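Once you have looked at the hints, place chains B and C on chain A.
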Amino acid sequence: MEPLVAHLWLIPALPLLAAAIGALTPRRGRRLAAGAAIAAMLGSLILSCLALHLALAAPSAHLYCNFFWFDLGNGPVRLGWLLDPLNGFMCVMVSLIGLLIFIFSIGYMEGDENFARFFCFMSLFAAAMLGVVVANSLLLLFICWELVGLASYLLIGFWFQRPAAAAAAKKAFITTRIGDIGFLLGLVWLYDATGSLLLYDGGRGVLEAGVLGNLATLTLTGGLAASTAIGLLIFCGAAGKSGQFPLHVWLPDAMEGPTPVSALIHAATMVAAGVFLIARVYPLVSADQALAAAPIHALSVVAAIGSVTALLGAAIAVAQFDLKRVLAFSTVSQLGYMMLALGVGSWAAAIFHLLTHAFFKALLFLAAGSVIHAAHHEQDMRRLGGLRGPMRVTFATFAVGMMALSGVPFLFSGFWSKEAILHAASRWAPSQLPLYVGLAGVVLTAFYMTRLLCELFMGAPRSPEAAHAHESPAVITVPLIVLSVGAVALGFLGTPAWPWLQSRLTGEAIPARSLLEGGGLMALSIVLVATGLGAGWALYGRRPRASAASADPLEAAAPGLFAFLGARMKFDELYAATLGRLNAFAAALADFLDRWVWGGAVALLAGLGEFTGSVNREVDEAGLNTGFNALSERIRGAGRAYSRAQTGEPQGYLRTLAIAFVVLALLILMGAGR
Amino acid sequence: MNSVLALIALATIGTAVTALAGRNLLHSVLLFAVSWAGIAAFFLWSGAEFAAFAQALVYIGAISMAVLFAILLTRHSRDDFAPEPALAGRAFAAVLTGTAVAGVLIWAVASSPLAAAPSPVPAVTVRSLGWQLMGPPAAALLATGVLLTVALIGAVVIAAGERPSKPGDPP
Amino acid sequence: MSPLQLCLAFSSVLFAVGLAGALARSNAILVLLGIELMLNAANLNFIAFWRYGPATSPSTGVIFVLFSIAVAAAEAAVGLALIIAIYRHQRSIRLPEAARLKG
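Protein chains in written order, with this note's numbering: chain A, 1 to 674; chain B, 1001 to 1171; chain C, 2001 to 2103.
So that you can see chain A by itself, here it is in the shape it has in the complex (with noise of 0.2 Å):
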């Protein structure tokens, strides 16, 4: 075995590391914390480069290490690590992204005094979504899935004093928790239909072909394969933390974080975690696609529910004015974009746009970060506008951004990534309706980023802050550059022409697609992206806001529908009113229960110990009282009667001796007479 598969796992390792350090540093501590972050993720991203080179020298094998970790009793517990272009091209993807992200964090976080800790918990997290990523056993990675949610958990309510922060923690990690529970069902199943979580292990594990064989053929009732419902339990846990309909409301809120935490974990690498986690299992997902006969196919779901949450969430990004909340919910919208693709068939596709979209929306999450560090953390975009003059640096990499998520044709990322996935869904058999709902998306997208960038870069100051604004410093800005970049150089690994980058992630050669053949599609979504960007130009660019009290023009358009997408389609109150009064109803009959039966149940127990006592002691007292302790006063009532005769006069017993002898001799005479 490669010595660096046998290491791999000093991927994850030395961010845990560093963590460590963090952990134990005091708050004066600030370099060595930041610098043991930034040297561990730095240490990381070479050895997944080199991880990564040593994969694609062979991108149809996975290589792996398992270990023994403890017995079960009915057979052992074994985890392992796994190396496969999916993992290289991932690891290499957080770790570069992370690092850029903690660079620009020293310079972001430099006035909070909780710098120290900020950079622990983010090493941490790095380390879980590497460990994520790298895992071999389903084990592992849901130990490693777990560690990431509660990394999250520690990152958004990282200004814990705020109760809007510490509120949004919550949520954020019970949302994902019910997600969790799928997963951990399905990984019960699988481990009960399989007697393994490892996914290759020479040929019994989960994903080899023996085993998901058995998996697909093994119906219950309905038909239903047993693949199918365990990738549907698995999916719950991959929708939970990738922000899909209807688990995604938690997203929005965990913009309440700093924002390099925004970035790396819920734009880049957190919440696509989800999209991962089913690429990683696609073989147990697609396993019954051969299937006719089968009720549902579970990657159907996935393509629906992605459908929904693209639309969904681009059509609410349009009515945000909070400029975190505008690509909170387009990251909402891109990773439904990833489920819709996983779901018609093309995994490749979906992670490349995992890839694209992991670095234009963290250089966009860092471009806001810039302008929010200027702005004296001004979020509203109401307030704020005409930064492109003194933040140029920044405009010109959040322009770059937009244009990427936008899908700018030819020159960025975006455009390709997106069209990978359109293409495979104009390829879907059972339906085109997922095909219509993307490009859907795609107008919108364009023109909820056009809305966005106008608002806060043209036109005049809307505020003393905005009007305050100057360019941020080097340190926040250098990333910028470096992930735009990215945004642009990335996307060519994927064209149809040269698809480099999806031949190397499947393992099989993918022929080049000509012009010819899908440029139709191609051409219709140049089209509506205009469309998008002019439509926006129009609305908020030509005539840019005048003062931030005056209203949006669509607003003004059709105010109900825009309340209705700016209260985020109410989903939060829907919940509220029917999950949160389930569980408050329920809290409320358990807290009964607890209090009067389970509670009265005790309470008897213990009266009834109690009255038991308390005839014992009367029982005992009683008698002791009547019986013993009068006994006692008998004896010595008698014992004193009797004492009586001892007076101590020697005349007085012989007194009694006579009289005692004449009482006898009266009777042995009056005896012997008869």
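Treat the hints as calculated values from the structure; they're not laboratory data.
Please read these numbers as outputs of a predicted model, since none were measured by experiment.
Hints are not guaranteed to be accurate.
What the hints assert, rightly or not - Not close to chain A: a few residues of chain B, all C-beta gaps over 10 Å, as computed:
(1) 1005
(2) 1069
(3) 1120
Claimed, not checked - So the derived label-pair ranges between C-beta atoms look like this:
(4) 668(A) with 1003(B): 29 to 35 Å
(5) 623(A) with 1088(B): 50 to 56 Å
(6) 628(A) with 2094(C): 41 to 47 Å
(7) 668(A) with 1088(B): 30 to 36 Å
(8) 1126(B) with 656(A): 41 to 47 Å
For glycine and all other residues, C-beta sits at the position ideal for the given N, C-alpha and C.
Only chains B and C this time, still in chain A's reference frame:
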């Protein structure tokens, strides 16, 4: 015969009663000596001369002396001989008890079929008495000798005992 | 009443007198003398039976009386010594005062 007996009995009992009922201790002791003399007279009347002499020697001779010495040694004040006022009840009970005992004994005696015919005086000489004493009762004799010795020593020890105790000394 | 019965009656009365005296008086010496009287009455009994009772060995009665007198003498001596000892304790020889064994 019976009249002599009656006389002796009367004298003995009379002096005994007077002695025990008297207030003066010395008078009581002297009267007791007379009572013992009466008993010795009875022994003589019965024909047991040696017993009479022994009685006279021991009782009237030795015991009276001992009692007199004891009285002398235990004199505190003239109040010792004063009558005790509140003991009429005790005296009454004592007399009652004595009467009861006498009554029972006399009744027992009277109702027993004891021989009516007078029998001759058994002839006992001192010499034969001596020979007898050296026979089966010899051990008892020796034991009595030891007993008397022990009693002597014991009495001396008990009576002689401590120095005259001062008021603060423990007893 | 045969002579024996008369003698026995005499000794019974003497015994009763000694008993009554021992019970009635509180002077220890008089109590002792009462006890001596009882012993004497018993001796009278012995001699009465020796003289008038059914014939047994000729001198048993007398020997008994001799021993009785000897023992009575010893007992009187010891008793008097005790009375002297009691006197030392309580400065009087009144028997009711010597009731330390009162229970």
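Are any of the numbered hints broken by this structure? If so, which, sorted upward?
Of the numbered hints, all hold.
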